[in-house]
Amino acid sequence: MFIEPTSVPVMFAGPAGAPFADSDAALVAQVREGSERAFVELVARHHGAMRRIARSYVPSDAVAEEVVQETWIAVLRGLKDFRGEAAFKTWLFSILVNRARSIGTRERRSSPHEDPHAVDPGRFGADGMWSRPPERWEDAVDERLDAAALGSTLDAALEKLPPRQREVLVLRDVEDLTSAEVSEVLGISEGNQRVLLHRGRSRLRNELERSLAA
Amino acid sequence: MISLFARKYRCVEIVELVSAYLEDTLTRRQRARFDAHIADCADCRAYLEQMRLTIELTGTLREGDLSDAMRDEFGEVFRRMRDEGEI
Chain E
107 MFIEPTSVPV MFAGPAGAPF ADSDAALVAQ VREGSERAFV ELVARHHGAM
157 RRIARSYVPS DAVAEEVVQE TWIAVLRGLK DFRGEAAFKT WLFSILVNRA
207 RSIGTRERRS SPHEDPHAVD PGRFGADGMW SRPPERWEDA VDERLDAAAL
257 GSTLDAALEK LPPRQREVLV LRDVEDLTSA EVSEVLGISE GNQRVLLHRG
307 RSRLRNELER SLAA
Chain D
74 MISLFARKYR CVEIVELVSA YLEDTLTRRQ RARFDAHIAD CADCRAYLEQ
124 MRLTIELTGT LREGDLSDAM RDEFGEVFRR MRDEGEI
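If you read the protein sequences in the order shown, they are chains E and D. Residue 234 in our numbering sits at position 128 of the first sequence; the count goes up by one each step and never skips. Residue 112 in our numbering sits at position 39 of the second sequence; the count goes up by one each step and never skips.
Note that these hints are calculated values from the structure, not bench results. Predicted model only: the values in this text are computed from it and were never measured. Where a beta carbon is used, it is the ideal one built from N, C-alpha and C, also for glycine. Any given hint could turn out to be false.
Sample of chain E residues with no beta-carbon within 10 Å of chain D, all distances over it, derived [stated by the list, open to error]:
| hint | residue |
| --- | --- |
| 1 | Thr196 |
| 2 | Asp221 |
| 3 | Lys266 |
| 4 | Asn298 |
The calculated SDA-like cross-link candidates involving lysine to any residue, where the alpha carbons are at most 25 Å apart (straight line), are [unchecked claim]:
| hint | chain 1 | residue 1 | chain 2 | residue 2 |
| --- | --- | --- | --- | --- |
| 5 | D | Lys81 | E | Glu176 |
| 6 | E | Lys195 | D | Ala109 |
| 7 | E | Lys266 | D | Lys81 |
| 8 | E | Lys186 | D | Glu157 |
Simulated restraints on C-beta separations [unchecked claim]:
| hint | chain 1 | residue 1 | chain 2 | residue 2 | range |
| --- | --- | --- | --- | --- | --- |
| 9 | E | Glu172 | D | Arg152 | 17 to 25 Å |
| 10 | D | Arg104 | E | Arg138 | 42 to 50 Å |
| 11 | E | Glu139 | D | Ser140 | 25 to 33 Å |
| 12 | D | Arg153 | E | Ala168 | 18 to 26 Å |
| 13 | D | Arg118 | E | Ala135 | 40 to 48 Å |
Take these sequences, add in the hints, and give me the full structure.
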């Protein structure tokens, strides 16, 4: 019979006394030893990003959840052979993207050629200076909105991004992958990755400005 | 040092360079020109701050996404695979 290792807590105190979560590698090691708790923790940790990325390839939330679940089954089966030389996250998201792509029907027309401007060119004068400067929405984040409202605003804004921009953004800014890791997972050049990240972040800022500026 | 002949960046250029600035992939000269513009331009300073905030906010999406029902479901999948020796 398997016994949950209670001697290995999920949270422990960091050097400054602040709690921090186990690294992925530590959780993976516990999963290998049969810890269900560590597995669910690992799933929870990456679920938001995995669901959003899968969703950008497949037609419904339900199918996206299936892709995520299939990915975890593939991960568990492959864990015996996973050497841990590559970062776990890179491996995880490569499996996810491959599966999502294999069943996905994402239209390829969202090319890097669309929407080449970070900000609508109409907001600058002939001299290249702002004619309609950024509206201030930072205060809304601090003062007007609670976390739940902010979360749904952010999610709605993210949904409006072209899928290719969104997946780069999620991998970089939600999952904290490096630019090299993102390029590897998506099979794109680092130059392309940089362009997509720049457009995605710029567009997300625009969406936040539009929905939050008083 | 910025050459006396180096043209000043315009706001419309700053918004295209801001990601490279934050990723620290500008050349030293570009960075100096960027900093010089930002020092003079409150609107571009606000824009830069908003981009930083956007990135920070995206990072908060990591939390709280898996329902209890789904936790149970994943736990069950795991137990089944473990007990069948698939892991």
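Among all the numbered hints in the text so far, which are the ones the structure does not match?
When the structure is compared with the hints, numbers 5, 6 and 7 turn out to be violated.
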